[in-house]
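There are 2 protein chains.
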Amino acid sequence: MSVSKILDGKLVEKNVELKGWLVTKRSSGGVQFLIIRDGTGTIQATVHKNEVKGRVFSDTERLTQESSIIVKGVVKEDKRAPGGYEVRIRDLQIVHLAEREYPLAKKSHGVDFLMNFRQLWIRSSRQTSILKIRAEIEKACRDFLDENGFVLTDSPILTPSSCEGVATLFEVPYFGDKAFLTQSGQLYVEATVAAFGKVYCFGPTFRAEKSKTPRHLTEFWMVEPEIAFCGFDDNLKLQEEMVTYIVRRVLEKRRRELETLKRDLEPLKKVEPPFDRVSYTETIEMLQSAGYQIEWGEDLGAPHERFISLKFEKPVFVHRYPAKAKAFYMQPDPENPEVVLCADLLAPEGYGEIIGGSERIHDLKILKQKIKEFNLPKEAYEWYLDLRRYGSVPHSGFGLGIERTVMWICKLKHVRETIPFPRTISRINP
Amino acid sequence: MSVSKILDGKLVEKNVELKGWLVTKRSSGGVQFLIIRDGTGTIQATVHKNEVKGRVFSDTERLTQESSIIVKGVVKEDKRAPGGYEVRIRDLQIVHLAEREYPLAKKSHGVDFLMNFRQLWIRSSRQTSILKIRAEIEKACRDFLDENGFVLTDSPILTPSSCEGVATLFEVPYFGDKAFLTQSGQLYVEATVAAFGKVYCFGPTFRAEKSKTPRHLTEFWMVEPEIAFCGFDDNLKLQEEMVTYIVRRVLEKRRRELETLKRDLEPLKKVEPPFDRVSYTETIEMLQSAGYQIEWGEDLGAPHERFISLKFEKPVFVHRYPAKAKAFYMQPDPENPEVVLCADLLAPEGYGEIIGGSERIHDLKILKQKIKEFNLPKEAYEWYLDLRRYGSVPHSGFGLGIERTVMWICKLKHVRETIPFPRTISRINP
Chain A
0 MSVSKILDGK LVEKNVELKG WLVTKRSSGG VQFLIIRDGT GTIQATVHKN
50 EVKGRVFSDT ERLTQESSII VKGVVKEDKR APGGYEVRIR DLQIVHLAER
100 EYPLAKKSHG VDFLMNFRQL WIRSSRQTSI LKIRAEIEKA CRDFLDENGF
150 VLTDSPILTP SSCEGVATLF EVPYFGDKAF LTQSGQLYVE ATVAAFGKVY
200 CFGPTFRAEK SKTPRHLTEF WMVEPEIAFC GFDDNLKLQE EMVTYIVRRV
250 LEKRRRELET LKRDLEPLKK VEPPFDRVSY TETIEMLQSA GYQIEWGEDL
300 GAPHERFISL KFEKPVFVHR YPAKAKAFYM QPDPENPEVV LCADLLAPEG
350 YGEIIGGSER IHDLKILKQK IKEFNLPKEA YEWYLDLRRY GSVPHSGFGL
400 GIERTVMWIC KLKHVRETIP FPRTISRINP
Chain B
0 MSVSKILDGK LVEKNVELKG WLVTKRSSGG VQFLIIRDGT GTIQATVHKN
50 EVKGRVFSDT ERLTQESSII VKGVVKEDKR APGGYEVRIR DLQIVHLAER
100 EYPLAKKSHG VDFLMNFRQL WIRSSRQTSI LKIRAEIEKA CRDFLDENGF
150 VLTDSPILTP SSCEGVATLF EVPYFGDKAF LTQSGQLYVE ATVAAFGKVY
200 CFGPTFRAEK SKTPRHLTEF WMVEPEIAFC GFDDNLKLQE EMVTYIVRRV
250 LEKRRRELET LKRDLEPLKK VEPPFDRVSY TETIEMLQSA GYQIEWGEDL
300 GAPHERFISL KFEKPVFVHR YPAKAKAFYM QPDPENPEVV LCADLLAPEG
350 YGEIIGGSER IHDLKILKQK IKEFNLPKEA YEWYLDLRRY GSVPHSGFGL
400 GIERTVMWIC KLKHVRETIP FPRTISRINP
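If you read the protein sequences in the order shown, they are chains A and B. So for the first sequence, numbering that gives the first Met the number 0 puts the first residue at 0; every next one is plus one. So for the second sequence, numbering that gives the first Met the number 0 puts the first residue at 0; every next one is plus one.
Bear in mind the hints are in silico, worked out from the structure with no lab data behind them. Honestly, I wouldn't trust all of these hints.
Heads up, simulated BS3-like pairs for lysine-lysine below, C-alpha to C-alpha not over 30 Å straight-line [to be verified]: (1) B:K177 x A:K211; (2) B:K364 x A:K18; (3) B:K138 x A:K4; (4) B:K377 x A:K236; (5) A:K9 x B:K236; (6) A:K105 x B:K367; (7) A:K252 x B:K252; (8) B:K71 x A:K236; (9) B:K261 x A:K105; (10) A:K367 x B:K105; (11) A:K177 x B:K177; (12) B:K18 x A:K369; (13) B:K24 x A:K364; (14) B:K236 x A:K18; (15) A:K177 x B:K209; (16) B:K252 x A:K138; (17) B:K377 x A:K106; (18) B:K268 x B:K236; (19) A:K209 x B:K177; (20) A:K236 x B:K18; (21) B:K410 x A:K13; (22) B:K367 x A:K18; (23) B:K211 x B:K261; (24) B:K177 x A:K412; (25) B:K313 x B:K412; (26) B:K105 x A:K377; (27) B:K18 x A:K367; (28) B:K4 x A:K236; (29) A:K209 x A:K269; (30) A:K4 x B:K236; (31) A:K252 x A:K410; (32) B:K177 x B:K371; (33) A:K269 x A:K412; (34) B:K138 x A:K236; (35) A:K4 x A:K24; (36) B:K13 x A:K236; (37) A:K177 x B:K371.
So the derived list for chain B, only partly shown, Cβ under 10 Å to chain A, looks like this [said to hold, decoys possible]: (38) I68; (39) H95; (40) I121.
All C-beta atoms in this analysis are idealised placements derived from N, C-alpha and C, irrespective of residue type, glycine included.
My request is simple: use the sequences and hints to build the entire structure.
Okay, here's the thing in structure tokens:
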């Protein structure tokens, strides 16, 4: 039996067996109050001295925080209990008595200390709530794409060349040669999309980010859909639908976890198509009017994204960035080749970029020219140029960053809590 | 409109528009026969000289293999057409005329040549069939686990220490320190399982395998479920159910692709619980009786697994290997501590191992002893030992290798076709 089923309220007066861990314990008179978690939820259980064998009561007295136990008892409705139900214990078995000093027993630890004990910290209700929401977001991405006819095609992690610039590449010695950890699976889904029409990859990506910021991890997960015969506008529509689908799914299935995090639900409820669209050029004007020192041509930084994001109640697309500020493969705007047909989707409430997407160059000559302009080694991209030699089609796609999406939906201050074992410039443990 | 919908047979006499690529073309009298693929399937289309404008007919004459096109026409039932339906074209638009010499036009290329053009080879009907079955298998794994209450917890790829032995580790320079590419997410799901009860990770794993065999890749995907309060036998039952679920799903949803591969379906239809269980010791006796030179204590190799696999019609568990032949974290058999409570699941038809699983050591003292015996650096495993200090519980899990499962279900000779862009000792491109 699971705690979540008991909390659903259909087991009142039934006998249940729970296998879980002790979160906290207090005693009052002849009653001991236990808070037990089993991975599906947290529930109160009580041991009444006059209702159980002496062994059960004394074992309960011995229990330390995080001890693993199996309890048997009857479900009671109890308005005073958190969640509204409790288990009145008849029998209790200690599976493992945890060592006395639980490293995280005190509430006052700093994040670095907690991260050193990440293997235990993930058990806390805040962390399990965040990570369940993460799992739900990942599932929502997959369900949305699967339901819409996309085929999952895994992109390789070990790659021979860069996708997003050489400055942030992790190099891996590879049998006397060298390889790089992928920064994005995009170039590869551009190949598979010509085989399947609609595809996505979903896996870890890597950036050797030397900056310490609340939004950067060196290892993070991205879902990257790619669509053949798809132009810039249809790409944005797909993104709106997918982000809306994700938010609604979390609101529907992870309400309890959002409440644990004390997440204000109102901003999330407002997420629905269409999202506003502002051009990069308009954005620069807005920033300059507000006193920001930024010139046309520069990429937006976190403070700029934050400013724009706070201007809108829903996620907002910033589109048509200067060609020079973005990746080589983006399609120039036919109406102004200084900018490219790309858009970043900024999450509201100040969160900034969660998606980067674009129409890709499908013309061989333009792509060759761009590879030259960006000083990329042409031989390394011959395979990618082949996609423009044999049945090239207009195609578009985007990459949604899982951790930043979790950070926004959970309204967290730092991205490090959005993944079970975060990796940063200063952390590779545990 | 998609080819798969037309092949479902409900669009006869309807007008459709298809966007896709030309596979082949032939002409006979005043009729041109095109085979078109759009990612969802392949269909015949015909252009009758007396039914279309001159421009359409001459454009069709110009078409090269793999050119991208948009056609409009009427769906006709036609028993002579492959699939039973054809599109009678009224209009045709060339999106991109492929360069004349398609590199894979000839049928006689060797695999290495084809792999050098993997970006194009994946468009062939054999390769798209394999990769669609791969995607279905991956989805089936997730659906099975999600439906059974497992929480996805992504394990890290960059890790500080080894899980499966140092000989096959890829090392990555990490900001002046060093990291290793994960060989398995298992140690990490052992941490998350104490937070969620039932978990899985699903991602790429890496082995710097120096051997060139038809079963090894350096980068491959694994799904790794882990279950708290779960012993050895329940673990095997879960594996039986999951493998059966996967096979049934593929039979149900990817019948067309299995037929394209000319896969004999009868062996797949036999897959259902229970699977046979033979002990390692019995296995050694069977091998010795058959004349194999193998001693008790040695690990099984591919020829041994093949031999055993061919003895059974369904997947078969080989259980209780010698402790010294397996990983340090496996629970010793209480009835004979020389062997551990592990099992490999061998796929039938000679395919061999697709799953490795075990009950894990949950006792702190035994685990410490094992880490010593295996000469592992204790400090690196302190975090992992914590899981046995605070609320340790019996727990079990397993890792299912996606590529080997695809190889078996598709009945392939080599694992390299089971992943979009395979990586081996001699291949990091494209």
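- prompt: Which of the listed hints are not met by the structure?
  reply: 4, 9, 21, 29 and 37
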